[in-house]
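A.B. asks: If you read the protein sequences in the order shown, they are chains A and B.
Using my numbering, the first residue of the first sequence is number 6, and each one after it goes up by one.
Using my numbering, the first residue of the second sequence is number 1456, and each one after it goes up by one.
Derived by calculation from the structure, the hints in this document are not laboratory data.
Hints are supplied without guarantee of correctness; some may be wrong.
[Stated by the list, open to error] Taking lysine to any residue pairs in the SDA-like style, the calculated list, with each CA pair at most 25 Å apart, reads:
(1) A:31 x A:66
(2) A:31 x B:1620
(3) A:31 x B:1494
(4) A:31 x B:1554
(5) A:31 x A:43
(6) A:31 x B:1563
One-letter residues, chain by chain:
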Amino acid sequence: MIEPSWIAALGAILFGVGLLGTFYHKNAIVVLMCIELMLNAANLNFVAAALHYGDVNGWVFTAIAIAIAAAEVAIGLAILLSLYSTQGTISLDAARELRN
Amino acid sequence: MLFVIVSGAAVAGAIGCVFSGRVAHSLLWLMFTFFAVAGAFLMAAAEMLAAIQILVYLGSVMLVVQFGVMLTRRRIQDVESLPTVNALSAVSGIGVFALILILVRALMEHPMWGDEAAGSPTTLEFADAIFNDWTMATIILGALLAMAMVGASYLVRDERLINLLWDMGAEE
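Please build the complete structure, drawing on both the sequences and the hints.
C.D. replies: This is the structure we're talking about:
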């Protein structure tokens, strides 16, 4: 069996890379994908804690986080599509107004 | 050893996702990363979560994102999708790298790993926890998902006059 701390370290690295992506990109879809990456890193931490303590609640939180991520992607893409149809672009620099 | 390979694949996929020039390539790298994370779940004896990860993330969520990329593809696949590179982004890159180092060090040396690992829970316990201990949370999660889907379809509605007229049964 592998050490739980290694899984947590993998989660930390993935979180950092996702954070870097949200800093570097202007394209809203790529930023959304990097946020997904950070959510997955959090899930890895839950799984590591569940493995260490033998507690199933970490798995439950992971399942809940995955379901919420699905809802977040649906809403985020709907917002981006509506932004694209009104502004003609999804660059985050161009989106400055909440109403037109 | 196997875990080193899997986590190396996950990190490589994540870096490819951040630094590739096209949105579709980023998406493929991200799917690769999610596969590797599912492998890490498997190694933590969380088979059920690995299945959920592949079925929900790779099967539906990433497909929906791909669909969104195709619907908005005219502009976003050229200059706009390249990562910005200037002095500020270099500084933030160094900062994030330092943050990763600090996080990994703090996580690996945390005193909670000191005592013996208790081992992984079973899928039966997982089902029992979801449907007995967390029943209300599961129901609320279902309501949240339904609300999110209704909200998403409301946001992407098309209000052009021709569609409204067609909706009311007008002839061409």
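A.B. asks: Give a verdict on every hint.
C.D. replies: Here is how each hint holds up against the structure:
Proximity of residue 31 of chain A to residue 66 of chain A is assessed by CA-CA distance (about 31 Å); at most 25 Å being required, the pair is judged violated. With a C-alpha separation of about 38 Å, the suggested pairing of residue 31 of chain A with residue 1620 of chain B is violated against the 25 Å cut-off. A distance of roughly 31 Å separates the Cα atoms of residue 31 of chain A and residue 1494 of chain B; the hinted pair therefore is violated under the 25 Å criterion. Between residue 31 of chain A and residue 1554 of chain B the CA atoms are separated by roughly 22 Å; this keeps the pair inside 25 Å, and the hint holds.
Restraint check for residue 31 of chain A and residue 43 of chain A: the C-alpha separation of about 17 Å stays at or below 25 Å, so the hint holds. About 33 Å separates the Cα atoms of residue 31 of chain A and residue 1563 of chain B, which puts this hinted pair outside 25 Å; it is violated.
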